[in-house]
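This is what each chain is made of:
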Amino acid sequence: MSARRLPDGGRIDRAEALRFTWDGAELTGHPGDTLASALLAGGVQLIGRSFKYHRPRGVMSAGVEESGALVTVAGAGDGARRDPNVKATVQELYAGLAAAGQNAWPNVRFDLGAAANRLSRFLPAGFYYKTFMGPRIKGGTTVWMLCEKFIRRAAGMGAASRLPDPDQYEHAHAFCDVLVVGGGPAGLAAAATAARAGLDVLLVEQDFQLGGDLLNQPLADAGELLAEMLDDARSAGVRAMTRTTAFGLYDGCVAGLIERVTDHLADPAPFLPRQRFWTVRARRIIVAAGALERHFAFGNNDRPGVMGAAAARAYLNRYAVLPGERIVVATNNDSAYPVAGELAAAGAAVEVLDARPADRVRQLAQQAGARGITVRPHCAPLRAVGARRVKALEVAMEEGGRWRHGGRQACDAVLVSGGWSPAIHLISHLGGKPRWNRRLACFTADANGESLLTAGAAAAIWDTGACRVSGQAAGAAAARALGKDAPGIAMPAPGGWRSPIRPLYEVRVPGAHLKSMVDPLNDVTADDVRLAHREGFTSVEHLKRYTTLGMSADGGKMGNVIGLALMAEALGRASDGDGGDGADPDIAAVGATTFRPPYTPVALGALRGRSVGGHFRPLRRTPMHQWNLERGAVMTIAGLWERPWYYPRHGETLDQAYIREAATVRESVGLCDVTSLGKIAVQGPDAAAFLDRIYTNRFAHLPVGKARYGIMLRDDGLVLDDGTTWRLSETDYFMTTTTAHAATVMAWLEELLQVRWPALRVHVASVSDQWAGCAVAGPKSHRVLSACADSPEALTDHALPFMGVGRMSLGGGIPCRIARISFSGELAYEVYAPSDYATAMMDALWAAAEAAGGCLYGLEALGALRIEKGHVTGAELDGRVTLDDAGLGRMAAKGKAFIGSTLRARPELQREDRPKLVGIRPKDRAARFNAGAILCRPGQLSGLGEGWVTAVTHSPALGHWIGIGFIRGGEAAWRGQSAVAADPVRAAPVEVDIISPHMFDPDGARMRG
Amino acid sequence: MIRIPCPFCGERDHSEFAYGKDASVQYPPLDAPLEDWHEAVFLRDNIRGVQLETWQHLHGCRQWLVVERDTATHHIHSVRAAHPGVAAVLAGAGNDAGSGK
Amino acid sequence: MTRYSAWSIFKNGLAGQRNWRRAWRDAEPRAHYDIIIVGAGLHGLATAYYLAANHGAANIAVLEKGWLGGGNAGRNTTIVRSNYMMPGNRPFYEHSLKLWENLSHELNYNVMFSQRAHITLLHTPAARDAAARRYNTMRLTGSDGELWDLDALKRAVPHLNYDNARFPIIGAAVQRRAGTARHDAVAWGYARAADQLGVDIIQNCEVTGITRDANRVSAVQTSRGPIRIGNAGKVGLAVAGNTSRLWAMAGLGKLPVETHLLQAFVTEPLKPLLDQVVVFGVGGAHFYISQSDKGGMVFGGDLDWYKSYAQRGNLPAVQDVAECATSILPCLGRVRLLRHWGGVMDMTMDGSPFICKTPLANLYLNAGWNYGGFKASPASGWYFADLMANDRPAPVIADFDLGRFRHGVNIDERGAGPDPKLHG
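Protein chains in written order, with the numbering used here: chain A, 1 to 1009; chain B, 10001 to 10101; chain C, 20001 to 20424.
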């Protein structure tokens, strides 16, 4: 026999049947079922295959600690929603759910991978560190790489979909006075108490129902109490969230929650997110997360049919599933006795093996006996028998402090209670150190008492009544700490069993070869722990890493304590052979690992919320974005910005378009959207002095109405940024920065003014978004501007000389700032209008430019024009370049100090043979070369090279490819010598001349007009 | 999440702020010798424990703040405006936030 | 000592795996050593190994305050690559990669160095050109490196986001010899090999003080008592994250180092989903991911952005990597994060490390590995051992000295300038 559904009882809704499929076969369950309870009710016992040895596995628990029933849920649609590694014990059943076994071929019932179990003696913990290395064939890793392919295929558990996840997720924020984690008796009481004291309380429960352990107790016993507590919490104003896991606690009393919104729905509304990630900022957090029942290590303790005793209680009372007809309950503590009684009452034949001596279980045995249950003290399970599910149990009996064979007994379920581990994970996230409590045989953790409190089984309080009181005490303590009136309630002492627990972690007898799982999810056995000890991996972290104990999807919830106990035992008894007697191993001496978030695994989609795809990062567009698109612009990425790259006409390619655009600028006129440049208003009586400190050149004497090109260095003397700054009045400057460094420069200026030089009376404000900018460049630029200016006299050489700044109005009243500055080397202007006027300004300019035979030009043509002129941009100013490297040494004013002026004088930065900015031209003018090529001496195409190419373009003015870059010693050192642009990742080497970077109109006659 | 009580905006997530640097570093005059600048720019005490450091409330008021924070626990002891004049005004105004939590 | 091999596993399998001996001795500290390495991380252990193996040094102790390999050795994302281009870095990291290629054989310990290729995604022509400079430099200096166009990338990694990425992918820069290794195994392999050469690895032995005799270290004080150093004795520091504290113990001043927090992440184990290391960096993002042999997706991103000695991070960095992960691999939306943890690292003023002499005649410094310590560990140990044995730096590590900032030597791979947090 296997498990079956009882004819009545439970908290399921029998009125409705939910059809679902398991490995293709149709089954039914009810609302209120989990997939695990429905599978058990349907007689399915073999549900999973283990990670390494492909051992058969069934349902082992009723919660998040599940190590056996891991399945793949198909999800709706085309397979993109396939969800591997789902714990059937927490997956709510819904109509149409399609689940299947995983990590098995062809299926979990007949899995060829199970051969690994036969070879397991040759595959102990860490075997892969000792083999797969050689011999050395070709490279040193050839053999391993070959083996790795197969190992990778064998490893892993479920298979994730490779299709994009089609679901939506959300990130939400919440604030509260008190966050209560856990909706059991302690949590409910804590929440109600704190709320009654006038606090804003948020209670979160990972289950789909509130009640915690009360849900697992017989409805007749606990139903009323639960209803009362729920009522109390609700009327006190507690905000409760179910299906919500507090997965991590972080600094500042902040918790991360995952709310599962649609994972339990057959047909969710399309507007709902699948999950919601909450960041909750609380003033106090009460951890009432309960405790997890442990098992102990004995032979085949992972066989389907072996289950936690408390889990069986949940299946019986909550889901009305009887796990077997002939049941053995194995325990070392009191908590399994109520389960045994309830199972017997439900009609099962029940026998209890209690590892404790007769005198400690006498009273319990008497009570059990009254229900027809035999209790065998000094007994424990030794080995489960049955290939694919439990059919019998070999029993161990203790005599004289030693375990011996104690016979064999037919059974169809073995329920184990090896003690309880308080769920202290969240406390550990914030640095609370787990401490071993020898009396209660569990780890507890001191909540820090300030912002963090703990209650209930999470504080190792076992009795339901005491849990409730501890919740009231914690709730009241939080309320008092936050200045509310609340009674002082004494926190109950940990513990609560009548007869103390007997520490027991493993059962074995001399000579028996047992496969005893410590961490079933990772197939870590008791022998693996002993092997780790033998090889010196004795510190808890070495044990964990060497055996992989506790490193799988349950985060060690099942196995950690047992593993530590076995290591403690090995360390304490290193001299003799077999252990397994009644001594209490010194776990405290081994130590504990730190629990890391998340408490249970969290979908990455939830953590990213909506920041995905096109919304991964903000997208910045200029106010004339649409205007540009309408005129055929192809956009490119520049940092967060989208900027026009080129404006193809009649199917032009990129190269055709930018060459035409650049030529048009040189011959007539072009317009370029330069809005993305950073713009900063620098204002105040000390603005001039400030600029003199941050720029290498002088600004103090810049006349009002003039602009100047300036360079800023970092503190370390290397170039930070460049741009023009316009003097609008004695105390008002308009600074422009590069697009890339706009934000950096702004924060830097603020830092200087607020932190370093607070005495300077200067205010800076970013006005980047306030002004839309357009460059008007080319010999006809003056004509174009005059054509659309409302008063053309503002543009005369006298009114607006080279580097002059002015105000003008164009297109019939568009107010603009204008400067006669040039990046292209042509007669050129930059015109800025308030952003709302952006398209109006462009319309006006373009009407005139188009009439003059001009064009719109994008970033590629802008690059071509500046390369011809040898102007530097981000490709050259890469954070490692000095003023002199960039050929801008003349920009460093003599006789004034500025940011970076001291450290730029460091000797290595002053060497003559540093790479310096040069122009580059192919010897064969028809040849093309690439940016990123390395400049080498001819015949020496190896080594680090002499320099590199930063940018190239086809120069329409010169009629061939040109580039700029840096080369050791600069142009002077290469006069009369050629170099080779080596580009092994893309192209054949090209012989080049090193020339002046000012390749077009070196005297700047065109620019001055 | 480190929660930083900004004297201007109130308590906010640290993700609204940008960490600056060790606030105990004294930057020398611009024309100071290389050794002084070398120390200020490149060398750090790198305290494990309570240190003074600058943060900017980048996505808030954009004020630079001096925060007294424990680098081992992330606990914040005090926060003030980095600009001494502004800090003095806040303190004089009896604004509790001006001197920390 | 048993030599590890398939045969040894088989033989032991027949004997119930009972005959394995300790991988390394549990050494008790002696009162005197000739060479003390502080820190049994990868760098310290590798140094001890190469001191013994390459230089015949003896009477060596490695002191570890916790368990060996417990710092960043056991917390990193295990990427091994040599795509460095600055003259002061290039030969060092290439040497390291070459050591990696033979490390399992050298140590007789499978460190699982998987040369599965390291793929840096490219999104703009400017980024492609910058990558070309780097990978051309690698090629010209005897390493491997390639630029892939979009088609080649799609063939290799078909499930990246080619459809609706905020930053469309245009290609990739690839180093095929790069990959991943099993981080713990490297520590254990070096420990075992060093132990076999007589090195005492002393765990749970925290250095609490450094005693000076004028310009020399004469002893180190530990939680397990003082240890003297002979007249010719030497002390090497390899204590990432705590360098400044040990430096202070030696009575020395400030360092160009700040301790910062970096988180790492792993998902539930999955069947093979990604066969290479993929790196993503655009729009201010920084992200790297690979799949461990066990099946977990292992990834990381930027620092938490504030100075910290606390080995735990915060949510903004978690969200950021989740955004990066699902943006480049949209199928990861449903994949579940199993664990995230934080480590502390020495961030320096230029993102490059120190392997150098110090103001004290017999004290040597190995520090400042920023993000890059794992891949560097074999060469770091190699050259630190060489420095300690010969008392002069090999030319390869000439720029890894503390004086470089004073002199203006620039080996800043990112060009980010003197702000430690910008060198991730």
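Be a bit skeptical, because a hint or two may be false.
Here are the simulated DSS-like pairs of lysine-lysine, each with C-alpha atoms no more than 27 Å apart in a straight line [to be verified]:
| no. | chain 1 | residue 1 | chain 2 | residue 2 |
| --- | --- | --- | --- | --- |
| 1 | C | K20254 | A | K149 |
| 2 | A | K149 | A | K138 |
| 3 | A | K138 | A | K52 |
| 4 | C | K20357 | C | K20271 |
| 5 | A | K894 | A | K706 |
| 6 | C | K20271 | C | K20154 |
| 7 | A | K923 | A | K706 |
| 8 | C | K20254 | B | K10021 |
| 9 | C | K20421 | A | K138 |
| 10 | C | K20271 | A | K149 |
| 11 | A | K52 | C | K20271 |
| 12 | C | K20098 | A | K149 |
| 13 | A | K433 | C | K20011 |
| 14 | C | K20098 | C | K20357 |
| 15 | C | K20357 | C | K20254 |
| 16 | C | K20421 | B | K10021 |
| 17 | A | K52 | C | K20011 |
| 18 | A | K391 | A | K52 |
| 19 | C | K20098 | C | K20254 |
| 20 | C | K20357 | C | K20065 |
| 21 | C | K20065 | C | K20271 |
| 22 | C | K20154 | A | K149 |
DEER-style ranges, computed between Cβ atoms [to be verified]:
| no. | chain 1 | residue 1 | chain 2 | residue 2 | range |
| --- | --- | --- | --- | --- | --- |
| 23 | C | R20018 | A | D586 | 34 to 42 Å |
| 24 | C | H20407 | A | G959 | 39 to 47 Å |
| 25 | C | G20253 | A | L119 | 30 to 38 Å |
What the hints contain is simulated information worked out from the structure, not anything from laboratory work.
Think of the CB as a built atom: it goes at the ideal place given N, C-alpha and C, for glycine as much as any other residue.
Regarding the pair K923 (chain A) and K706 (chain A), is the alpha-carbon distance no greater than 27 Å?
42 Å, violated
Restraint check for K20098 (chain C) with K20357 (chain C), where alpha carbons must lie at most 27 Å apart
25 Å, holds
Would the hint linking K20254 (chain C) and K149 (chain A) be met if the CA-CA limit is 27 Å?
Not OK: K20254 (chain C) and K149 (chain A) at ~48 Å, beyond 27 Å, violated.
For the pair we were handed, K20421 (chain C) and K138 (chain A), check the Cα-Cα distance against 27 Å.
41 Å, violated
Given the hint that K894 (chain A) pairs with K706 (chain A), test it: the Cα-Cα distance must not exceed 27 Å.
Cα-Cα ~21 Å, so holds.
Does K20154 (chain C) sit within 27 Å of K20271 (chain C), going by the straight-line distance between their CA atoms?
At roughly 20 Å apart (the allowed maximum being 27 Å), K20154 (chain C) and K20271 (chain C) satisfy the hint.
Straight-line alpha-carbon gap K20271 (chain C) to K149 (chain A), limit 27 Å
11 Å, holds
Hinted pair, alpha-carbon criterion (27 Å max): K20065 (chain C), K20271 (chain C). Please report holds or violated.
The hint is violated at about 38 Å.
Are the Cα atoms of K20098 (chain C) and K20254 (chain C) separated by 27 Å or less?
34 Å, violated
Going straight from one Cα to the other, do K52 (chain A) and K20271 (chain C) come out at no more than 27 Å?
13 Å, holds
Regarding the pair K20154 (chain C) and K149 (chain A), is the alpha-carbon distance no greater than 27 Å?
Between K20154 (chain C) and K149 (chain A) the Cα gap is close to 21 Å, so the pair holds against 27 Å.
With a cut-off of 27 Å on the C-alpha distance, tell me whether K391 (chain A) and K52 (chain A) pass.
24 Å, holds
Consistency with the previously given hints fails for numbers 1, 3, 4, 7, 9, 13, 19, 21, 23 and 25, ordered from lowest to highest.
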